[in-house]
Every structure is written in C-alpha cells, then in structure tokens.
Amino acid sequence: MRTDKITNLEGIMIIAGSGIGTGILTLPYVINKIGIFGTLTAIIIAYFVSAVLYLMICEMTRNSKNSKELLGILNEHLFFGKFGKILSIIFFIVLILMILQNLIVYILCGSEILANLLSINIKLSKIIFYIISSLVILCGIKGISNGEKISVSLISLVIIILSFLSLFHIQRGITLNFGNIEKVLAVYGLFMFAFSSIFSLVQVTNYLKEKKDIKKVALTGLSINAILTIVFAYITIISSKKITTIATIGLSDTINNSFIKILCSLFVLSAMFSSYWTSGLAFTDIVENELKTKRRTAWIISTIPTIIIALLLPMSILDFIQIGAGALSIILVLVIIPAYYHAVKKEKEPLLGNIAKSKILLITISVFIIIMAISSLIPID
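Just so you know, we're using this note's numbering here: the sequence shown kicks off at 47 and counts up by one.
One thing to keep in mind: the hints can contain errors.
In silico lysine-lysine, BS3-like type, Cα no more than 27 Å apart, as pairs [claimed, not checked]:
no., residue 1, residue 2
1, Lys261, Lys169
2, Lys391, Lys257
3, Lys257, Lys79
4, Lys128, Lys391
5, Lys131, Lys262
6, Lys51, Lys111
7, Lys169, Lys338
8, Lys111, Lys307
9, Lys403, Lys391
10, Lys131, Lys261
11, Lys258, Lys391
12, Lys307, Lys79
13, Lys257, Lys51
14, Lys51, Lys262
15, Lys195, Lys261
16, Lys258, Lys394
17, Lys288, Lys111
18, Lys114, Lys391
19, Lys131, Lys340
20, Lys338, Lys128
21, Lys51, Lys288
22, Lys131, Lys111
23, Lys340, Lys111
Label-pair distances were calculated between CB atoms; the ranges are [unchecked claim]:
no., residue 1, residue 2, range
24, Ile409, Glu228, 37 to 43 Å
25, Phe126, Ile216, 55 to 61 Å
26, Leu213, Lys338, 39 to 45 Å
27, Leu358, Leu181, 29 to 35 Å
28, Val140, Ile350, 37 to 43 Å
29, Phe214, Leu184, 40 to 46 Å
30, Gly130, Leu407, 22 to 28 Å
31, Ser304, Ile216, 42 to 48 Å
32, Ile206, Leu86, 20 to 26 Å
33, Ile90, Glu228, 16 to 22 Å
34, Lys394, Ile136, 39 to 45 Å
35, Ile216, Lys394, 33 to 39 Å
36, Gly130, Leu213, 57 to 63 Å
These aren't lab readings, by the way, just hints derived from the structure by calculation.
Since the model is a prediction, treat every value here as computed from it, not as a measurement.
For glycine and all other residues, C-beta sits at the position ideal for the given N, C-alpha and C.
Turn these sequences into a full structure, and let the hints steer you where they fit.
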C-alpha cells in the first residue's frame, strides 16, 4: 500500500465529495413528487442506516490485514474455505460491473453539463470529461484529497450563493403531505445512493493519519453530504419554474443569469469529478491488486471501458442511478454485512459500541437495504 497519509480534513472532504454526486442533482426532481413529510421520513431513515453502514465499513477495513481495497478485505473476512476462490471471482465480476455503472453515470451527467456550458457536441463533451477526470486518478490519494477540498468548497460556495438568490425567485412552496408510499420508497433509495461512499471509506480508513478519529471523520463527511443535499434540494424546488432531471439546468434557466449558469455548471462538474475520482481510484486499486498488473495498466483497464460504454448506451441518467442503487444494495446486504460480522467478532472497542455485534442490528440494517433494492424497481415518472 502507498505510504501517503491524509489529514482529518482531507478524509472528511473525500467522504463528503464522493457522496455528492448524481444523487444531489436528481433528488429535487423526485422529491417534488412527494411532500415534505415523506421526504423527511426518507432522508432520516437513509441517514441513520448510512451512518451505521459507514461505521461498519470503517470497522471492517481497520480490522483487516489485507486492507488495500474492498475485494482484498472481503477475501480475508468472507471469501475463504472450500468455495472462497469461486465466490471471490464472482464478486470481482459483480464489483467491476457496479463500479463501471457508477463511472458511466458520472460521465453522462458531467458531459451533459459540459456540452451546455461550452456549446459542443455531447459525444465530444463525454470525451473531454473522461480525459480530465481519469487523469486525476493517476495522482493517487493525496492528489484526489486536494481535489476534493477544492470541489467540496466550491459546491458549498455555490449552494450559499444560490440560497441567497433563490429568495428573489420563489416559484412555489413545499407541500406538507406525505405523498405516495411508492414514491417515498424511491426517494429513500436515491438518498441511500446519494450517501453511498463505500470506496472512499475504505480509502480514508487506510490512509488517515489519526486512525482514532475515523468515526468522527466518517460521520462528519456523511453529515456534510446530507446538509448540502437537503439545502440544494429545497432551494431548487422552490426556485425553479421547471424542475429538471438534472436540477441545476432548470434552476439556472429560471434565474437566467450567465454568472449563475456558470456557477451551476461548475457545481455539477465538481460533483461528477469528485465522484469519478474515488470510484475510479478504487477500481484501479482492485485491478492492480487482483490482476497483479502495473499501475498504469490497471488505470487503462479501469477507465477506458467507461468512456466507450458512455458513448454507446442510450439510457437516461436516472435509469442508471436507479440501477446503481439496486446493485449497491445487493453488495451491501449479501457481502459487506456478513464480512463485517466476521471482522468485528474479536474487536474490544468497536466503532458502534455495545450494539456493534448485535444480530438484531444486522438484521434491521439488512431489511432497510432490501427495501433500498426494491425501491430501485419503482418507476419515478
């Protein structure tokens, strides 16, 4: 493993930045279809389920001898015995497909904004986005941590500015009803997807200088993600004449100011770059360690397919996000939770305290993850 170490602030920014991706941009569109009570119910449950999962992943990582990347950790705590090798190969394939899907989403979303900003062909914008975002992965964890500090700071600044300007462009209020239960479940699933930071949690736990602070760092990163997501969703809904699938497009069209359009574009690009970085770095680490390749070869294998598929597939961004939420839920419930159970058995001071080894806790979290999987099948429109 590389010897680079990151500070608490860098760890918080990596976790927050990796979560602030497509979820924050698409949630206003689906939240608008339910009321505030339904939204609050969805986000409160998603936040607490995600907080427990964050600490589980951190615990599993810090209790692993082979903690370079997720698959290595799972090989140690889950994929052993008679069928261990076969299960490891199967999960390797599933993991690759899931990460590929995530990276494709980031290209699709970022390139659409880039095309509007530069008035260029969408295919060209996909290629430009890919080149810029994939090259950063070669900088390693330290380079990505510096990039995340910039991107999260920029996202926060844009939201502050938009919050102020939204007061002068109010188009509607927030309905107080609960909404259709199916739509609430769909919103819950998208919140879970928006909060997902599996790979960044592994990276931060490995590289953090102050290991004792991992719980604080993880939950602070999640909280920043949640606050920015809620504030952005609120100002977008009340200030947009038309709430678009990518929320910044409708918001910037309503305010109709060239400076705001640039800010919104930078907001989206920062979110997409930061998400691509952490997932791409995780993908590269997995390929390098499992296939025993050189770093640059692993980088090529990990990133080139994303741009090829993004150029060929016609599916919408929202379709991809819901598929991603379903794939993520399968990995969480079938793999990470049982691996965590094995990893925490001998831990004297677990991050989750007295309930860390409770089977009731594991069953409860599993149920909510299964609900997340079901929610990915619910049509949004």
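Verify the proposed pairing of Lys111 with Lys307, using a straight-line Cα cut of 27 Å. Distance of about 48 Å is beyond 27 Å: violated.
Is the Cα-Cα distance between Lys258 and Lys391 27 Å or less? Status holds; Cα separation ~19 Å.
For the pair supplied as a hint, Lys131 and Lys261, is the alpha-carbon distance within the 27 Å limit? violated, 32 Å
Pair hint Lys288 and Lys111, alpha-carbon separation not exceeding 27 Å: violated, 51 Å
Given the hint that Lys307 pairs with Lys79, does the C-alpha gap stay at or below 27 Å? holds, 25 Å
Regarding the pair Lys391 and Lys257, is the alpha-carbon distance no greater than 27 Å? holds, 20 Å
Restraint status (C-alpha distance of Lys114 to Lys391 at most 27 Å): holds, 21 Å
Mind checking the alpha carbons of Lys340 and Lys111 for me, to see if they're no more than 27 Å apart? holds, 22 Å
Should the hint that Gly130 and Leu407 are 22 to 28 Å apart at their CB atoms be regarded as holding? Since the Cβ atoms of Gly130 and Leu407 sit about 26 Å apart, the hinted range of 22 to 28 Å holds.
Lys394 versus Ile136 beta-carbon gap, inside 39 to 45 Å or not: violated, 33 Å
For the pair we were handed, Lys131 and Lys111, check the Cα-Cα distance against 27 Å. holds, 18 Å
Regarding the pair Lys257 and Lys79, is the alpha-carbon distance no greater than 27 Å? Cα-Cα ~42 Å, so violated.
Hints 1, 3, 5, 7, 8, 10, 17, 21, 24, 26, 27, 28, 31, 34, 35 from the earlier list are contradicted by this structure; the remaining hints agree with it.
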